Every structure is written in structure tokens, then in C-alpha cells.
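Going down the list, the protein sequences come from chains V and Y.
Residues in the first sequence are numbered from 1 upward in steps of one, following our numbering.
Residues in the second sequence are numbered from 1 upward in steps of one, following our numbering.
Be aware that one or more of the hints could be misleading.
From the structure, some residues in chain V lie toward chain Y, with a derived Cβ separation under 7 Å [to be verified]: (1) Y32; (2) P44; (3) F98.
In short, the hints are calculated from the structure, not lab data.
Fair warning: this is a prediction, and the values are worked out from it, not measured in the lab.
Where a beta carbon is used, it is the ideal one built from N, C-alpha and C, also for glycine.
Below are the chains, spelled out letter by letter.
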Amino acid sequence: QKEVEQDPGPLSVPEGAIVSLNCTYSNSAFQYFMWYRQYSRKGPELLMYTYSSGNKEDGRFTAQVDKSSKYISLFIRDSQPSDSATYLCAMSRNQFYFGTGTSLTVIP
Amino acid sequence: DVKVTQSSRYLVKRTGEKVFLECVQDMDHENMFWYRQDPGLGLRLIYFSYDVKMKEKGDIPEGYSVSREKKERFSLILESASTNQTSMYLCASTLGYNEQFFGPGTRLTVL
Numbered sequence: 001q002k003e004v005e006q007d008p009g010p011l012s013v014p015e016g017a018i019v020s021l022n023c024t025y026s027n028s029a030f031q032y033f034m035w036y037r038q039y040s041r042k043g044p045e046l047l048m049y050t051y052s053s054g055n056k057e058d059g060r061f062t063a064q065v066d067k068s069s070k071y072i073s074l075f076i077r078d079s080q081p082s083d084s085a086t087y088l089c090a091m092s093r094n095q096f097y098f099g100t101g102t103s104l105t106v107i108p
Numbered sequence: 001d002v003k004v005t006q007s008s009r010y011l012v013k014r015t016g017e018k019v020f021l022e023c024v025q026d027m028d029h030e031n032m033f034w035y036r037q038d039p040g041l042g043l044r045l046i047y048f049s050y051d052v053k054m055k056e057k058g059d060i061p062e063g064y065s066v067s068r069e070k071k072e073r074f075s076l077i078l079e080s081a082s083t084n085q086t087s088m089y090l091c092a093s094t095l096g097y098n099e100q101f102f103g104p105g106t107r108l109t110v111l
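Excised from the complex, chain V in its bound form (with noise of 0.2 Å):
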């Protein structure tokens, strides 16, 4: 079993749709829990990071790590076409595990 699983989608929504992106895991270890956004052919950005349980918010994107499901989330409000990416989620204790990524296409 892989340590995080991601679907690799393609997902496809109109422009303004509301966005979800999830992950599981399977380690209960895992401390830290981050997003990044990867553009085609450029590195990894960071979107955002939780530490445990709970939510976090910036803007239009919100985080949500659900440890006793061992599952997190990442929104997208309103989302534009900007945010055409794959997005990939990461978690961490003594070293760092991704997810394989999603691609999410915003059609205008």
C-alpha cells in the first residue's frame, strides 16, 4: 500500500465551480500536511500547510486534514482558469510523501 493516495484525475470544471481535491494516507505518524500546485513544466509551489487536524484558509483555497479518517482536502473557491494545474499533496514526519498528483482544468 503507498503512504499517500491521490487520484491522478483529469478533473475538468466550468469557471466559479467550487473545486475539491482529496488524498488519503495510511501512516498516522504524519505531522505536517501541505498542497502545491505545479504548473506544466515548473516546479512545485506551496499553497499551503496544516499542522494536525482542523482547517486552514487563504483566500480562496481552504485545507482540511481529517486525521481520524486519515484523509485531507484541499478547496477552491471560485475557481478561474488560472488554476489549471496539478495539484499535489504532501505530508510529513521524519521525511516527505506525495501524492501523485491531480490535474484540474478550469474551462472558461
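Got chain V sorted already, so can you dock chain Y onto it with the hints?
Coordinates of chain Y only, in the frame set by chain V:
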């Protein structure tokens, strides 16, 4: 802002060549990492370093070596490039385990 830079964005090399990929970070981070990223496989850790002159193998170190002579610089070396090393190579740095910052990546093609 943390800045991680990589020496080349695109590189084309021939089988058997020795290849050097360089990474520099400007935030005095202790930890630096080299990953390769391939479609469907995600990010795979090649090597990492927690301090100058220190190195630790990641999940796929075969065919690679690294060098960290200065805190800000971490180099990845392909001793004898092979076609199966064609990939996107990403360098990253971090202070702890909560935020890892990536460079722009080097897309290496081995012919």
C-alpha cells in the same frame, strides 16, 4: 521569499556522459533534496542531505551520486547517463518538515 535555483531548465545529453545538476538555495536551509518526477510515478526521492558533507540515500539512488560542499549548494551527479534517466529533476530545500520549497526543475533528456 525562499528562492531555490537550478543550473539548467533543459538539458540534452548522450548515453554514457557524466551529467552535473546544480541547485542553490538562499535561505540558509539545513536540508536539501533531489527528486525525479515521471508521469504516473509522481515524485521519487533520489538523495537528501541534512548538513554540509552529509548525504543520505532516498528511494532510488542507483546511478546517482550527490555532493554538498557548501550549505547553500547541492549537486546531483549522473556518473554515466542512461536513457532511463530521462526525467524532470527537482531540487528542494527545507528548514524543518512543514514547508519544502522547490526549484523550477531541470528537464533532462538522455539520447
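Structure-based check of each hint:
| no. | hint | verdict |
| --- | --- | --- |
| 1 | Y32 | holds (4 Å) |
| 2 | P44 | holds (5 Å) |
| 3 | F98 | holds (4 Å) |
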